[in-house]
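Novice: Sequence:
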Amino acid sequence: MSDGTPLGDFLRARRETLKPEDVGLPEYGRRRVAGLRREEVAMLAGMSSDYYVRLEQGRESSPSPQVVEALARALLLDPAATEHLWRLVQPSAARAWSGVQGTSVSPQLLQLMDGWSTSPAFALGPALDILACNTLAAALHEGFAPADNLARMVFLDPAGRDFYQEWERAAHSCVAELRAAYGHDPESVRLSEVVEELSSASPKFADLWSRHDVKPKTQEGKHLRHPHVGDLYIQFSAFTVNGAPHQQLVVYQAEPASTTAAAFERLRVQADQAMARTPEAAAGALSAGNKRPG
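Quick note on numbering: the sequence shown equals residues 1 to 294 in full-length UniProt numbering.
Rather than coming from a laboratory, the hints here were simulated on the basis of the structure. These numbers were taken from a predicted model, which means no experiment stands behind them. One or more hints might be untrue.
With a straight-line Cα cutoff of 20 Å, these simulated SDA-like cross-link-like pairs (lysine to any residue) come out [stated by the list, open to error]: (1) K215 to S199; (2) K222 to A159; (3) K215 to E166.
Sequences and hints are given; from them, build the entire structure.
Specialist: Written out as structure tokens, the structure is:
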């Protein structure tokens, strides 16, 4: 974790990703720093260099709305990154969001997921903890030990690189999602635990985290490889859970009549057979996921 402020760290990281040509500035002389100079960002944002330096160094933490919008334009922030910037300068919103967090998944959502026999579905917390999952999702992730946190599965579990066939993309997405959650709740103990663990254990994670990329979960395709049913090409969707806005419902879907749909069916049959052999597994399939990992 950085010794700077969240706002200052974010501004510096975004500044360092830009080149002069990205913002229409001429390239001249040899640069001793990565990306744009502080005075260049200040000029693009229409503020004094001294004021911008104070923002980066954490000596100024309450910029006006006009300054925030000017910084977003100067740093070429997309909508997700702009929202993240706003949350960094409005910590009261983050604290309010933090106050409604919890790790319990509602019985109604558990029942909904359990009724989907052809689509893996799971509930995620802000730190990418898998809070609950249906039978098919548990079978899909059976190669991980344990399947308790998506970021840990990607960066720390040896099974991750085989399971996520587009591993680099999965890694970038995980970090950007954690960064977005951190903007909502920079004081979250659980987020800090996950980020510190991954930063210590994975140089790749530490590098990606330092970039301050922000991206909430969206709808997109994935290429996965399961040890028993092979390649899977899925579309996934993420939905905010009403009544628990810090939780997301993630659903993996296969094209009808596709090889992936057939693979999901084989996986479901295998999972049902395994549960029939061990009835206690059936009783705990959903509830086992309905708790935060230690």
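Novice: Holds or violated: K215 and E166, Cα atoms, limit 20 Å.
Specialist: Holds, because 17 Å separates the two Cα atoms, which is no more than 20 Å.
Novice: Between K215 and S199, is the straight-line Cα distance small enough, at 20 Å or below?
Specialist: Within the cut-off at roughly 19 Å; holds.
Novice: Has the given pair, K222 with A159, been kept, meaning a C-alpha gap of at most 20 Å?
Specialist: holds, 16 Å
Consistency with the previously given hints is maintained throughout, with no hint failing.
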